[in-house]
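Using the sequences and the hints, build the whole thing.
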Amino acid sequence: MRVSLFITCINDSLFPDTGRAVVRVLERLGHQVEFPLAQTCCGQMHHNSGYHDDAVGLVRRFVDTFQDAEAIVIPSTSCTAMVRGQYPYLAQHVAKDEGLLRAVEAMAPRVFEFSEFLTQKLGLSDVGAYYPHRVTYHSSCNSLRSLNLGDGPLTLLRHVSGIDLVELPNNRECCGFGGTFAVKNAETSTAMLTDKMRHILSTGAEICTAGDNSCLMHIGGGLSRQRTGVRTVHLAQILASTAEEPWA
Amino acid sequence: MSTNFPTRAADGLRNTQQRRNLAKATNTIRGKTAKVTAELPDWEALREAGKAIKREAHAKLDQYLLQLEEMVTKAGGHVHWAADAAEAREIIVRLTRQAGTDQVIKIKSMTTDEIELNPALEEAGIRPYETDLADMIVQMAKERPSHLLVPAIHKNRVEIRDLFRAEMGEHGTGLSDRPPDLTRAARAYLRQKFMETKVAISGANFAVAETGTVGVVESEGNGRMCLTLPQVLISIMGIEKVLPRFDDLSVFLQLLPRAATGERMNPYNSLWTGVHAGDGPCEFHLVLLDNGRSKILADEVARETLHCIRCSRCLNVCPVYERAGGHAYDSMYQGPIGAIVTPQLRGLEEAGSLPYASSLCGACHEVCPVKINIPQILVHLRGRVVREGHAGKGEALAMGVAARMFGNQGALDWSLWAGRLGQKLLMRDGTLPWLPPPLSGWTLSRDFPALPEQSFRDWWQKREDK
Ligand code: SF4
Numbered sequence: 001m002r003v004s005l006f007i008t009c010i011n012d013s014l015f016p017d018t019g020r021a022v023v024r025v026l027e028r029l030g031h032q033v034e035f036p037l038a039q040t041c042c043g044q045m046h047h048n049s050g051y052h053d054d055a056v057g058l059v060r061r062f063v064d065t066f067q068d069a070e071a072i073v074i075p076s077t078s079c080t081a082m083v084r085g086q087y088p089y090l091a092q093h094v095a096k097d098e099g100l101l102r103a104v105e106a107m108a109p110r111v112f113e114f115s116e117f118l119t120q121k122l123g124l125s126d127v128g129a130y131y132p133h134r135v136t137y138h139s140s141c142n143s144l145r146s147l148n149l150g151d152g153p154l155t156l157l158r159h160v161s162g163i164d165l166v167e168l169p170n171n172r173e174c175c176g177f178g179g180t181f182a183v184k185n186a187e188t189s190t191a192m193l194t195d196k197m198r199h200i201l202s203t204g205a206e207i208c209t210a211g212d213n214s215c216l217m218h219i220g221g222g223l224s225r226q227r228t229g230v231r232t233v234h235l236a237q238i239l240a241s242t243a244e245e246p247w248a
Numbered sequence: 001m002s003t004n005f006p007t008r009a010a011d012g013l014r015n016t017q018q019r020r021n022l023a024k025a026t027n028t029i030r031g032k033t034a035k036v037t038a039e040l041p042d043w044e045a046l047r048e049a050g051k052a053i054k055r056e057a058h059a060k061l062d063q064y065l066l067q068l069e070e071m072v073t074k075a076g077g078h079v080h081w082a083a084d085a086a087e088a089r090e091i092i093v094r095l096t097r098q099a100g101t102d103q104v105i106k107i108k109s110m111t112t113d114e115i116e117l118n119p120a121l122e123e124a125g126i127r128p129y130e131t132d133l134a135d136m137i138v139q140m141a142k143e144r145p146s147h148l149l150v151p152a153i154h155k156n157r158v159e160i161r162d163l164f165r166a167e168m169g170e171h172g173t174g175l176s177d178r179p180p181d182l183t184r185a186a187r188a189y190l191r192q193k194f195m196e197t198k199v200a201i202s203g204a205n206f207a208v209a210e211t212g213t214v215g216v217v218e219s220e221g222n223g224r225m226c227l228t229l230p231q232v233l234i235s236i237m238g239i240e241k242v243l244p245r246f247d248d249l250s251v252f253l254q255l256l257p258r259a260a261t262g263e264r265m266n267p268y269n270s271l272w273t274g275v276h277a278g279d280g281p282c283e284f285h286l287v288l289l290d291n292g293r294s295k296i297l298a299d300e301v302a303r304e305t306l307h308c309i310r311c312s313r314c315l316n317v318c319p320v321y322e323r324a325g326g327h328a329y330d331s332m333y334q335g336p337i338g339a340i341v342t343p344q345l346r347g348l349e350e351a352g353s354l355p356y357a358s359s360l361c362g363a364c365h366e367v368c369p370v371k372i373n374i375p376q377i378l379v380h381l382r383g384r385v386v387r388e389g390h391a392g393k394g395e396a397l398a399m400g401v402a403a404r405m406f407g408n409q410g411a412l413d414w415s416l417w418a419g420r421l422g423q424k425l426l427m428r429d430g431t432l433p434w435l436p437p438p439l440s441g442w443t444l445s446r447d448f449p450a451l452p453e454q455s456f457r458d459w460w461q462k463r464e465d466k
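In order, the protein sequences belong to chains A and B. At position 195 of the first sequence (counting the first as 1) the number is 195 in the UniProt record's numbering, and the numbers step up by one without a gap. At position 164 of the second sequence (counting the first as 1) the number is 164 in the UniProt record's numbering, and the numbers step up by one without a gap.
No wet-lab data here; the hints were simulated from the structure. One or more of the hints may lead you astray.
[Unchecked claim] Here are some chain A residues the structure puts well away from chain B; computed CB gaps all over 10 Å: (1) Met45; (2) Gly50; (3) Ala108; (4) Thr194; (5) Arg225.
[What the hints assert, rightly or not] Label-pair restraints from in silico Cβ distances: (6) B:Gly422 x A:Asp151: 39 to 45 Å; (7) A:Asp151 x B:Glu56: 34 to 40 Å; (8) B:Gly347 x A:Gln67: 39 to 45 Å; (9) A:Ala38 x B:Glu210: 56 to 62 Å; (10) A:Ala38 x B:Arg55: 40 to 46 Å; (11) B:Gly392 x A:Gly150: 35 to 41 Å; (12) A:Gly204 x B:Glu170: 57 to 63 Å; (13) B:Glu300 x A:Thr194: 57 to 63 Å.
Glycine included, C-beta positions come from ideal geometry on N, C-alpha and C.
Next comes the structure, spelled out in structure tokens:
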């Protein structure tokens with residue numbers, strides 16, 4: 001299949017390894033991958049902070065960039081939720097643009113979060129990965145609620161050979177990131193993060209993974225500040241790792 | 001009190017006893033509600049039905065309200081229309097004065113808090129007595145409720161004993177802090193009030209247009225005493241509470257108790273229609289309050305706010321409420337529903353920090369018995385905060401710069417380059433432990449990852465060039 005990647009601004013600039021891992025997995029599975037260079041950001045930060053007119057500009061850019069894509073794969077649960085769930089709101093209630101609304105609605109069924117693409121579109125549960133570490137999985141709020149990914153990401157992890165997958169207590173509770181919430185309500189966000197870190201540490205995992213680098217940036221930033229030695233790694237990197245070519 | 005949510009939340013966060021109480025209480029209620037909602041095979045269908053009824057009622061609100069007025073009047077009651085809080089206060093004070101009394105008993109009602117009725121009554125020389133146990137505690141402590149349904153959730157029983165000793169006269173002397181003793185004292189104290197007071201003021205959970213029936217549900221039975229013993233009953237309700245048909249009650253009488261306290265049914269469900277000679281109050285007044293509701297109705301995205309049946313389930317699942325506590329919302333409506341309803345009632349200028357008091361985790365939407373999409377409304381209101389010019393200038397500037405950066409590939413590359421250069425000053429062990437405002441909130445508790453030398457885009461282009 002011809003797969004168009006939307007790598008997201010945070011992944012592109014701060015976590016390029018995530019994009020590289022996505023490319024490796026998809027190519028290993030025999031798909032033709034492309035990265036349209038005109039892409040920038042889905043507009044989530046502007047949208048969630050209330051800068052809706054700015055967000056509309058980014059909606060238009062996204063639509064123009066991916067108009068002809070067969071499948072659009074996004075290694076971020078929150079950006080996928082933004083494109084699928086919030087673009088119609090922006091088109092209808094902010095831009096008040098019928099044409100744009102039709103365009104984003106027509107696009108929505110071709111938009112997939114990375115693990116969702118693997119499990120639901122391709123019907124896979126084993127992507128041939130090998131990752132000999134003790135790992136716990138944080139299911140992001142968007143994965144649980146906006147996208148309803150259910151057990152998909154965990155199924156992929158369970159099929160990774162060599163992995164020691166341990167369940168994260170209170171997994172349904174938000175980590176406290178919430179975009180600008182982490183800055184605007186820094187102390188409440190920190191209180192939520194503290195509890196999340198306590199649960200992660202209680203599992204004895206070396207690595208905490210998730211399908212979204214923004215949650216991981218927040219959790220990983222806390223774990224690093226506390227010098228816990230626990231790292232955060234995007235799900236795609238675990239799935240990209242094989243016995244022959246371990247993910248560094 | 002401090003003026004915005006983050007500062008008020010900081011007070012709550014530092015109160016570790018309160019945080020512990022809240023975590024324990026909300027966790028218990030969460031478990032109970034999850035259990036009793038899961039046991040109903042048609043719970044999802046009930047939620048849909050609840051939402052559909054509210055939608056229908058609000059689509060033809062004027063028609064149903066007029067029908068309600070007609071039916072209440074026919075049954076011997078009186079209907080009063082209040083456009084805002086001041087008008088509602090004035091009506092209630094006047095009716096109480098006409099009854100020739102200087103004290104009233106009150107049934108738990110958030111609407112009377114919303115219109116700040118108690119201070120108005122006191123100013124008019126009328127003493128209001130709250131009869132819901134928790135409301136009574138909060139009133140005696142001269143505090144504000146911190147939870148829709150459990151207003152004294154932040155208090156422990158030693159504090160309650162001390163209050164009762166100070167405020168209950170003979171009923172409070174020598175009281176212990178054992179819960180049975182506390183309830184016995186409250187009971188004796190309240191009985192006396194029930195017997196000697198002529199006027200009662202209540203809220204309303206529902207009113208049925210078809211029959212003119214008004215309803216209140218509760219778990220203590222004190223409300224029922226207020227509804228039956230006094231001579232004059234004055235009920236106030238927001239206009240959004242009207243239901244088209246009597247049968248609609250069957251949906252809400254299932255949804256509300258299960259979502260609110262995890263009970264299968266409320267212990268006391270009181271319904272009354274007008275007045276009946278020799279039975280109950282001989283005078284009944286219904287005050288219909290707008291106070292900004294028709295404005296909410298006019299907003300096609302935020303309109304759903306009015307579906308709320310005040311079950312408080314969204315508070316009990318909210319990770320922000322659990323930590324910041326109810327007083328951080330500075331309103332009688334706290335938690336996620338408070339974060340959307342308060343700014344709409346009071347204006348975004350005053351309560352503009354509330355739509356941001358959420359990580360948008362969606363837990364509230366997931367459990368709401370009438371499926372209000374609270375995260376969507378929060379984001380919608382944030383849009384209004386920005387559009388109406390209540391966001392900080394610095395933030396608006398930064399967002400504008402970011403929008404231009406993302407709107408232009410060259411600018412994006414340039415900013416990454418500048419960022420890589422700039423971070424060299426701040427970097428330690430590959431991360432950034434300190435960032436200047438407005439990002440200093442981040443580095444309060446988190447390191448920030450450094451920009452790597454190569455972006456994904458650079459990597460991809462190099463690879464394609466080969
Ligand atoms: S918004 Fe929903 S969950 Fe929250 S109090 Fe209202 S009805 Fe209950």
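Hint by hint, which ones does this structure get wrong, listed from lowest number up? 1, 2, 4, 5, 13
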